[in-house]
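Enquirer: Below are the chains, spelled out letter by letter.
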Amino acid sequence: MLHATELLGSIAYDAQGNFVGRVRELFIEPADQPNRVARYLLGRGKYQPLVARYDQVGSVAAGTMRLNVNEKALEEYRANEGWLAVQKDLLDQQIIDTGGRKVVRVNDLDLAEHHLNGSVELRVSLADVGLTGAVGRLLQGVASYALIRKIQGKLPTSTIPWEFVNLIEPDPLRRIKLRVSHQKLAHFHPADLADILEDLSSEERQSIIDSLDEESAAETLAELDARLRQQIVEKLDPEKAADIIEEMQPDQAADLLATLSPETSQELLEEMPQFEARDVRGLMQFGENTAGGMMNTHFIVVAESATREEVIEWIRSNDVDADQLDAVFLTDSSAKFAGVVPMGRLLLADAGQAMASLKSEPLLSLLPDAHVRDVFELFDKYNLRVLTVADDNGSPIGAITVDDVVTRLTVKARYKFK
Amino acid sequence: MDPGTITSRTPDWRDRVNKWRQRTRGARRRLALFMAVVGPGFITSNVDNDAGGISTYSVVGATYGYALLWSLIPMTIALYVTEEMCARLGVVTGKGLSDLIREEFGFRPTFFVMVTGFLVDLGNVVAEFAGVAASMEIFHVSKYIAVPIAAFVVWILVLRGTYRQVEKIFLIACLFYVAYIISAVLARPDWLMAAKSVIIPSFQFNASYLLMLTALVGTTIAPWQFFYLQAGFVEKRVGPRQYPQARADVLVGSISCMVIVFFIIVCTGATLYVSGHRNITDAKQAAEALIPLAGRGASLLFAFGLLNASLFAASILPLSTAHVICEGLGFEGGIDHKFREAPIFYWLYTILIVVGGGLVLIPGASYLKILVFSQVANGVWLPIVLIFIVLLASRRDLMGEYVNSTTFSVIAWVTCVVMIALTIVLVLAALFPGRFGSVPGL
Numbered sequence: 001m002l003h004a005t006e007l008l009g010s011i012a013y014d015a016q017g018n019f020v021g022r023v024r025e026l027f028i029e030p031a032d033q034p035n036r037v038a039r040y041l042l043g044r045g046k047y048q049p050l051v052a053r054y055d056q057v058g059s060v061a062a063g064t065m066r067l068n069v070n071e072k073a074l075e076e077y078r079a080n081e082g083w084l085a086v087q088k089d090l091l092d093q094q095i096i097d098t099g100g101r102k103v104v105r106v107n108d109l110d111l112a113e114h115h116l117n118g119s120v121e122l123r124v125s126l127a128d129v130g131l132t133g134a135v136g137r138l139l140q141g142v143a144s145y146a147l148i149r150k151i152q153g154k155l156p157t158s159t160i161p162w163e164f165v166n167l168i169e170p171d172p173l174r175r176i177k178l179r180v181s182h183q184k185l186a187h188f189h190p191a192d193l194a195d196i197l198e199d200l201s202s203e204e205r206q207s208i209i210d211s212l213d214e215e216s217a218a219e220t221l222a223e224l225d226a227r228l229r230q231q232i233v234e235k236l237d238p239e240k241a242a243d244i245i246e247e248m249q250p251d252q253a254a255d256l257l258a259t260l261s262p263e264t265s266q267e268l269l270e271e272m273p274q275f276e277a278r279d280v281r282g283l284m285q286f287g288e289n290t291a292g293g294m295m296n297t298h299f300i301v302v303a304e305s306a307t308r309e310e311v312i313e314w315i316r317s318n319d320v321d322a323d324q325l326d327a328v329f330l331t332d333s334s335a336k337f338a339g340v341v342p343m344g345r346l347l348l349a350d351a352g353q354a355m356a357s358l359k360s361e362p363l364l365s366l367l368p369d370a371h372v373r374d375v376f377e378l379f380d381k382y383n384l385r386v387l388t389v390a391d392d393n394g395s396p397i398g399a400i401t402v403d404d405v406v407t408r409l410t411v412k413a414r415y416k417f418k
Numbered sequence: 001m002d003p004g005t006i007t008s009r010t011p012d013w014r015d016r017v018n019k020w021r022q023r024t025r026g027a028r029r030r031l032a033l034f035m036a037v038v039g040p041g042f043i044t045s046n047v048d049n050d051a052g053g054i055s056t057y058s059v060v061g062a063t064y065g066y067a068l069l070w071s072l073i074p075m076t077i078a079l080y081v082t083e084e085m086c087a088r089l090g091v092v093t094g095k096g097l098s099d100l101i102r103e104e105f106g107f108r109p110t111f112f113v114m115v116t117g118f119l120v121d122l123g124n125v126v127a128e129f130a131g132v133a134a135s136m137e138i139f140h141v142s143k144y145i146a147v148p149i150a151a152f153v154v155w156i157l158v159l160r161g162t163y164r165q166v167e168k169i170f171l172i173a174c175l176f177y178v179a180y181i182i183s184a185v186l187a188r189p190d191w192l193m194a195a196k197s198v199i200i201p202s203f204q205f206n207a208s209y210l211l212m213l214t215a216l217v218g219t220t221i222a223p224w225q226f227f228y229l230q231a232g233f234v235e236k237r238v239g240p241r242q243y244p245q246a247r248a249d250v251l252v253g254s255i256s257c258m259v260i261v262f263f264i265i266v267c268t269g270a271t272l273y274v275s276g277h278r279n280i281t282d283a284k285q286a287a288e289a290l291i292p293l294a295g296r297g298a299s300l301l302f303a304f305g306l307l308n309a310s311l312f313a314a315s316i317l318p319l320s321t322a323h324v325i326c327e328g329l330g331f332e333g334g335i336d337h338k339f340r341e342a343p344i345f346y347w348l349y350t351i352l353i354v355v356g357g358g359l360v361l362i363p364g365a366s367y368l369k370i371l372v373f374s375q376v377a378n379g380v381w382l383p384i385v386l387i388f389i390v391l392l393a394s395r396r397d398l399m400g401e402y403v404n405s406t407t408f409s410v411i412a413w414v415t416c417v418v419m420i421a422l423t424i425v426l427v428l429a430a431l432f433p434g435r436f437g438s439v440p441g442l
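As you go down the protein sequences, you meet chains R and Z in turn. Quick note on the numbering used here: the first sequence kicks off at 1 and runs consecutively. Quick note on the numbering used here: the second sequence kicks off at 1 and runs consecutively.
Hints in this document: simulated from the structure, not taken from any laboratory. These numbers were taken from a predicted model, which means no experiment stands behind them. Check before you lean on any hint, since a few could be wrong.
Stated by the list, open to error - Calculated cross-link-like contacts (lysine to aspartate or glutamate; reagent style DMTMM-like; alpha-carbon spacing at most 20 Å):
| # | chain 1 | residue 1 | chain 2 | residue 2 |
| --- | --- | --- | --- | --- |
| 1 | R | K88 | Z | E104 |
| 2 | R | K102 | Z | E341 |
| 3 | Z | K338 | R | D199 |
| 4 | Z | K19 | R | D369 |
| 5 | R | K102 | Z | E332 |
Please put together the full structure from these sequences, using the hints given.
Expert: In structure tokens form, the structure reads like this:
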């Protein structure tokens, strides 16, 4: 096993034993094979550098490389965007560890040797992100390879298998050439992905959001810091931004649009389908510190005379998000708010029981312009998980859920210490 | 409470407040935008006037009166140019300076910058605690009480606070610099002559004048500044759209820094220089000598200013150093992390404070040697980092449209070369004292 730093700077000899040059760079061709060192750049001082292919290398060791061909068989170097350069694109750069779900910096690479008849192929096995790699880089060229290995042996290792390494490449064209896919990222929990995004530069953040599908992007954006969210959305194409915003809950979308400039938010609202846009616009008219500014317009409303069986059938047949199910809201025959049935009661009820008999007491609702303080008080006092927001006529227009309250309280608490 | 619909209880006055808030939304938004950005530039420039700086400036005023005031404008320009590049780098790339150096120049240069930076900053921290000790002695408090308390306060502040909290406290501390303005006014200087000296250069070609000039310049631009400034904007997530506000922050900071320097020099220049007390070597002597000349009030204000500056700097320097080293070498760091999450960061910070404060407490401490060492390390460190900064800010692939324009490039490189030349002179003088005259503030 060789370290990339042991190979960089090595002297390369051809089959006849003539000095060819020094190894200046290792290239991987992800389109061909994701982990094989496909090309070696050999620098020759003031002469044009040459490139050796993976099948032209006879043997390697720390500090030296022996080719199995004559110098004349080597090609001249021509830059290629589809080649991943180890020194330039990997070492000292940040990558995403999809196993550990964080952003780390690469100190060194571990290369495994594969002997085939007549040649040696090097495949990247691990990215070294810890002390061993740091020491290797520091002492490279200053101490002997043996000494470095000895010191490294005494240090704790911190490595990431190459399959879990996700490159961060802001340029979309290069991303395609390098086959950089952020598919694994889409499986992260949005909060983990948001943490990762906060560690990156703005360009890198943008490139990752670009590569996610709209739903994952919406979920991730919802978990990000408001300022970052605003910066990212402003840099997106209006169409793509609108698509993402559609996937968000209306109250989150309203919060986001409120932070953008009026022109931008108008533009995005126009890109959205009418129905969604109307919902969002409706929410945006409420102040930030009111019940209306916290509520969600997506909630389940059934008649208070409906039975448990009917309600469950209805929920099943409509594509309802199971994660959003906390309670069912009831209305009476004149469409006025008549109560809330928590999921727990629904679960334990008999099939034929009417909703009206399952509702919680007391009947609570707030007007949309009520202050958030009133919201918090009610949640606390009555141990609520959802709270209805009703208009002047008493019809339910929105629901505030406990996670919204927690988010607001955390933000408030943070600000209190500032 | 009756079961029933609970309606909003917002009383009338809240209605009125809400209406006012809606009307002033635009203006408040702009102010909030500016306040959200301001901070790093302003704080950095003011911490520049730390214990070492104040010592140097008081000595300059006492020894040469107003003769060196002309250098203030060129220094402001140099300060602004270098800080602006760092601000721009942070705002456009969203990365800290040590991150950028690591990514563009490699591991070894980064490591070297970190290590020398650490040594320089350690020396500076010693100077800050020495400043605390000296100012408290004027208030008749022994350094064996003052320094440990100061160290503890500083340590706790960062350990328990969040970035925003700490920044607010620092900003308030900046306001206390007004103490110097007041003490300068109490000294009743010849304002007209001072103003003239700022605009009209008067160069003297002798070794000690040159050295004084070099020390003046050398104390203005320090290692941790660049890193702290850039990290500040990155941490506040200032984006390219708020670049104008960031630049304004840096400009206001640079100017306010030089304004304070002006008043310190004028204060000692109008009193000590004029009355012949030209041989002071540090700020404490300056404060003491002020008593018969400008009254006890001026002296106390001067000492208070020194205390404020020292505490302020003692809080920021170790913090910035720890942050920068962790960033550059890939460790978790930042005061928004808990101790368990970022052990190396908090250990570095603690070591800097404990060693810095401890060295000052050693009886009969000749921490002068440490200061000399720190100056030399700075002389090695500064040229490299300055060159890195200018190179980075000139890279179109990093900065896009915010890359250095040709005129700015020229100014930046000239500033760079002049700073490097002056720093080398200072290093030689510190290493071979007596040959070139003695260095003030040491």
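Enquirer: For the pair we were handed, R:K88 and Z:E104, check the Cα-Cα distance against 20 Å.
Expert: Holds, at about 9 Å.
Enquirer: Below or equal to 20 Å on CA atoms is what counts here, so check R:K102 against Z:E341.
Expert: holds (14 Å)
Enquirer: Would you mind confirming whether the straight-line C-alpha gap from R:K102 to Z:E332 stays at or under 20 Å?
Expert: holds (11 Å)
Enquirer: Are the Cα atoms of Z:K338 and R:D199 separated by 20 Å or less?
Expert: Since the Cα atoms of Z:K338 and R:D199 sit roughly 17 Å apart, the hinted pair holds (cutoff 20 Å).
Enquirer: Decide if the proposed pair is consistent with the structure: Z:K19 and R:D369, CA atoms, cutoff 20 Å inclusive.
Expert: Since the Cα atoms of Z:K19 and R:D369 sit roughly 13 Å apart, the hinted pair holds (cutoff 20 Å).
The earlier numbered hints are all upheld by this structure, with none contradicted.
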